[in-house]
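With these hints in hand, go ahead and build the complete structure from the sequences.
From first to last, the protein sequence lines stand for chains A and B.
Sequential numbering of the first sequence, starting at 1, is according to our numbering.
Sequential numbering of the second sequence, starting at 1001, is according to our numbering.
Hints should not be assumed to be uniformly reliable.
What the hints assert, rightly or not - In silico contact screen, one side only, chain A against chain B (beta carbon under 7 angstroms); selected entries:
{"no.": "1", "residue": "Pro326"}
{"no.": "2", "residue": "Ala645"}
{"no.": "3", "residue": "Tyr805"}
{"no.": "4", "residue": "Ile812"}
Claimed, not checked - Ranges of calculated distance between the beta carbons of each label pair, as one might list FRET restraints:
{"no.": "5", "chain 1": "A", "residue 1": "Leu113", "chain 2": "B", "residue 2": "Leu1322", "range": "58 to 68 angstroms"}
{"no.": "6", "chain 1": "B", "residue 1": "Ile1169", "chain 2": "A", "residue 2": "Arg385", "range": "35 to 45 angstroms"}
{"no.": "7", "chain 1": "A", "residue 1": "Asp293", "chain 2": "B", "residue 2": "Leu1322", "range": "38 to 48 angstroms"}
{"no.": "8", "chain 1": "B", "residue 1": "Ala1294", "chain 2": "A", "residue 2": "Thr794", "range": "42 to 52 angstroms"}
{"no.": "9", "chain 1": "A", "residue 1": "Arg19", "chain 2": "B", "residue 2": "Ala1316", "range": "49 to 59 angstroms"}
{"no.": "10", "chain 1": "B", "residue 1": "Ala1316", "chain 2": "A", "residue 2": "Lys389", "range": "29 to 39 angstroms"}
{"no.": "11", "chain 1": "B", "residue 1": "Thr1269", "chain 2": "A", "residue 2": "Ile685", "range": "33 to 43 angstroms"}
Hints in this document: simulated from the structure, not taken from any laboratory.
Beta carbons are placed, not taken as given, at the ideal position from N, Cα and C, and that holds for glycine.
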Amino acid sequence: MTGSATTTDALLLEGITKRFGPVTALDDVSLAIRQGEIHALVGENGAGKSTLMAVASGALVPEEGTVRFFGEALTGHPGETREKGLAIVRQEPSLMPDLTVAENIHVGLPARLRPGVGELSAFVRERLAFWREDHGIDPGARIESLLPEKRFIVEIVKAIASEPRLLILDEPTEHLSGRDVTRLFEVVRELAAKGCAVVYISHRIREVREIAERISVLRSGRQVGTRDAHHLDEDDIIALIVGRRVERPFPPKAGPGETGERIFELHGVSGPGFRDIVMRVDRGEIVGLAGIDGHGQRELMRALAGQKPVEGRINVAGRLVKIASPRDARRAGIRFVPGDRHREGLLPGLSVRENFSVRSIEKDTKGGVISMGAEKRRAREALGRLDVKMAGIEAPITSLSGGNAQKVILTSVMAGDPEVLLLDEPTQGVDVGARAEIYSVMRQAAREGMSQIVVSSDRGELVGLCDRVYVFSRGQIVAELSGDRVNDDAIAQAMMTATNTRAAAAEWGGRLARLGSSDWAPFLMLAAAILILGAVAGSVNPYFLTERSLTNLMAMTATLAMVAYGQHLLMLTGGIDLSVGPLMGLCAVTGSFFLSGDPWLVPSLGWASILVVAAMVGAVNFVLAGPLKLHPMVATLATYMAVQAVSLLLRPVPAGMTDFDILDILGHRFGPVPASFAVAVVAGILLDLALMRSGAGIRWRAFGSNGEAARVAGIRPMAMQAAAYIGCSVLTALAAIMMIEQVAIGDPRAGMGYTLTSIAAVVIGGTALRGGRGLFVGSLLGALFISLINSAATFLQLDPAWQNYLLGGLIILAVAFYSYSRSKAVSA
Amino acid sequence: MTTDTINGKPRRLPGLKFGSMSEFGWVWIALVLVFAASAVLAPGTVRPGALLSMLPFAAMLAIVSAGQTVIIQQRGLDMSSGAIMTVSGLVVARVALETGSLPLALLATFAAAAAMGLVNGIAVSVFRITPIVATLATGAVYAGVARHVSNGNSISAPAALAEFVHLKIAGLPAILILSALVVALMAAVIRFTPLGRRFTAVGASPAAATAAGFPSMPYLVGTYAVGALYFALGGILFTGFINSATITAGNDYLLPSIAAVVVGGTPFTGGKGSVVASAVAAVFMTQLGQMVLAMGAGTPVQYLVQAAVIVLALAAPRLAKLARG
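Below you can see the structure in the form of structure tokens.
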């Protein structure tokens, strides 16, 4: 196939047109990616790069045009291209935070390459070593405990491990350190040499020129051309991207003597990730903090914004200030434009006006009351100065493109008239046109006296924008550059030649926190609590330890454990089911029509109808929470009411005694151990084995940990949700059958309490509500503990209120402890 | 009107599809529709006498729903609201009984409610427990408190309270006027004060609010406390209305109050919200219940109708979108 003149293109797009409603995202785009070439795709935000790649990967189906993947036309089935050898490295790694590195790679591989669960660890170790011997990544570590750049390495290693024939890299160097960028380029070249086609999407024109052989440019959804990379210089590429030849996008810097008195002074400032910082910023000066990511510059900026602890002398406009919180920073006159616009900048759901005014609303306030007129005038005026493209100031902020949203945030923060403005990556993900505007707004504000500090991983930006630059290495300032010395070479040289060493990082948390974050912590703590409570109850009241009492305890535990398993199954996927309590009652009511020993009715029909009724309720929950996208809490609250109503309609009052023979079977015992308890224990162990040791279990947790990433990895969300909701209801039905042994009558209100106690058992057992992790055995212990509290309270002759106090208090304590410990074990 | 010119092509912006009608406007149409339907199907329920006996219930539900709304705007949920109502009803009756002073009893009740709300807020914001779990747990604790305060018996309401609750001002129930006032107060604070704006920002994005210099914790804790004060007011009025404080008083308000918030259009995703819409939805739900009862159906059917309304209110936009393709 290779070498001949008729080599098939790895990817051939012909006449692609893709519309979203009235918007044409791609207009007759054709593109050919040859096997073995590195092909860069550049263009402004919204030019259609991501849409084009989504079409190429089969995730989107175009209205017109054909996609050929190694000569074969795509049928539009998602996941098809992945199996055929497409790998994508996304700007935001599509990883599951609760899964280990190894499990993530397992889920991310095409089915034919997946190793068995037993060999997974060795497989992953080998792939990581291929990236770099000293990668320092433990295959058994959870993704959430890794630093962002390590996560990105996992994303890249995952893509390479899938032995791609076509590799798409979307802004791959945003998170990587210099060393890993070099390694990435090596690996990409190696892959290309072996015949793999590479599509390289990037904003960084310099990188594109370094790595790519050909460059294709998209502008406003149209192909502007494919050129040979070696025949273009940076200005040519920019000109192709924006469609007009722009001058250097940077406004002129302040001349000598134009900046004023010292506004911001740091003396011996230290914090996590930086130490002994001495620096100053004068009035009207723009100062850059340069350095390889993770060397302290961003950490210092976040600390100055009050987001991280900081100590040392900090002066703002001659006043000594103390910064212990974002509020302190704000009051000291320090304002912050965060780097992660979506998480920390935008207020989604609110209008452009509200997003603009919130940071300086006191300017529109008279006598404690906001004047809407003043607010609108101020917003229109401030946003009008920049060319913000929007449908008006009442348009939702989320309808704006990245560059326009960034302009709104920048304007909003500046409207608070800061003494010192901190900007973290002010133009990340912003197109070239908007960049130039942002630079000129910053320079204009500087001329009016605003002092600014900029952190940027784009060295060219610091060089073009800043009056002075401090270079960081290993948490310290290693050089201060000003005037002509603010240039690329000088910064690079200072970064590369620094000889300082990093102070040993403090270990996180204490021993207790580390224990609490381990998967075994809930079991150890619960086991200890169960033994203590049991011993106390047994010593105060000897009847507690009799066979009869313990048998009863086990039977109660079994019922609760089965409902909790259902809840657990669902919570692993991030759902919750409030309707389990009333469903228990409905199952009992349904059974009561069949199980009374009437010769006309067959008990097996009763069991079947209980299961069918439960599955139907589960299906309703699924339809509401899945296809109709209702919040699971509200969806199941609605079914909670509906299910209870149906029970009450069927049996307005308890009736329908269960036949004694049936009760005998349900109440079967092995010695003192009820059969139901044995079933619950075995079920818990089997469910855990399936969850931890099977591919299906890994995918189940993957879906719960990060639904979108799981979808990208070929897991079907609707199928998972359907299985989760119906599974939850069916397990609840099994619990209801166990409960029938205890209540023996069709009581529509039986089981209502199980909504609260099932959730309690799961969370006490250590399962996080947001999904992705938690063992069923934990829920079993949680169920045992709750049943124990209830019976111990009786045996200890406590006021019934104490059952409530113990149950509620322990839920709070347990969850608070787990979540505290885990937050300590999570890396930013 | 909703177009923007980008690249020379008209482009519709999302979120403004229904012209100038906001997402909180639909509940008013629903309210008109339910009264129209009542007039046809159960004319008895729209006679002045019937309306005057329906409105106090709607007013109490509106107060509780307003409290729940602000909590939901903070991406929260208060499952302990029923227990807080119950405890409040019991405390006001018990303290009034023992001290003979209604003002003292009211003070004690609001203090107790604020404390319960603070505990909720601290559990959610400081300990970072998922709201539904945190408040289910504290709800269990508060139910225990209710048992202690009541000793298992109901307590008769202070006479002055019962008298106020049944008072009519200009022919309208005093309880209705009070409800309108407290709901309007809350809406005004949210809309027209810097505090309210920051509250909304924290709900829309706690991380963004923190980066802007407004750490979310005090707003969260404060919101749960304010919510609890509204639940307490609901509990006090209910005690006066039925002339006795019982251990189950608040149970019947938990689900309907959440339903009212949902029907009013406040989303669970935080930030946006409307206490006025929730209050209107409370009237809607109460009248709907009356209509169903008057048509001869029992409580179970009422539950079914409520469930259907919740699902419809939430699924309608989604269904409409599916229908449009």
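Hints, one by one, checked against the model:
| no. | hint | in the structure |
| --- | --- | --- |
| 1 | Pro326 | holds (5 angstroms) |
| 2 | Ala645 | holds (4 angstroms) |
| 3 | Tyr805 | holds (5 angstroms) |
| 4 | Ile812 | holds (5 angstroms) |
| 5 | Leu113/A x Leu1322/B: 58 to 68 angstroms | violated (37 angstroms) |
| 6 | Ile1169/B x Arg385/A: 35 to 45 angstroms | violated (53 angstroms) |
| 7 | Asp293/A x Leu1322/B: 38 to 48 angstroms | holds (44 angstroms) |
| 8 | Ala1294/B x Thr794/A: 42 to 52 angstroms | holds (45 angstroms) |
| 9 | Arg19/A x Ala1316/B: 49 to 59 angstroms | violated (27 angstroms) |
| 10 | Ala1316/B x Lys389/A: 29 to 39 angstroms | holds (32 angstroms) |
| 11 | Thr1269/B x Ile685/A: 33 to 43 angstroms | holds (38 angstroms) |
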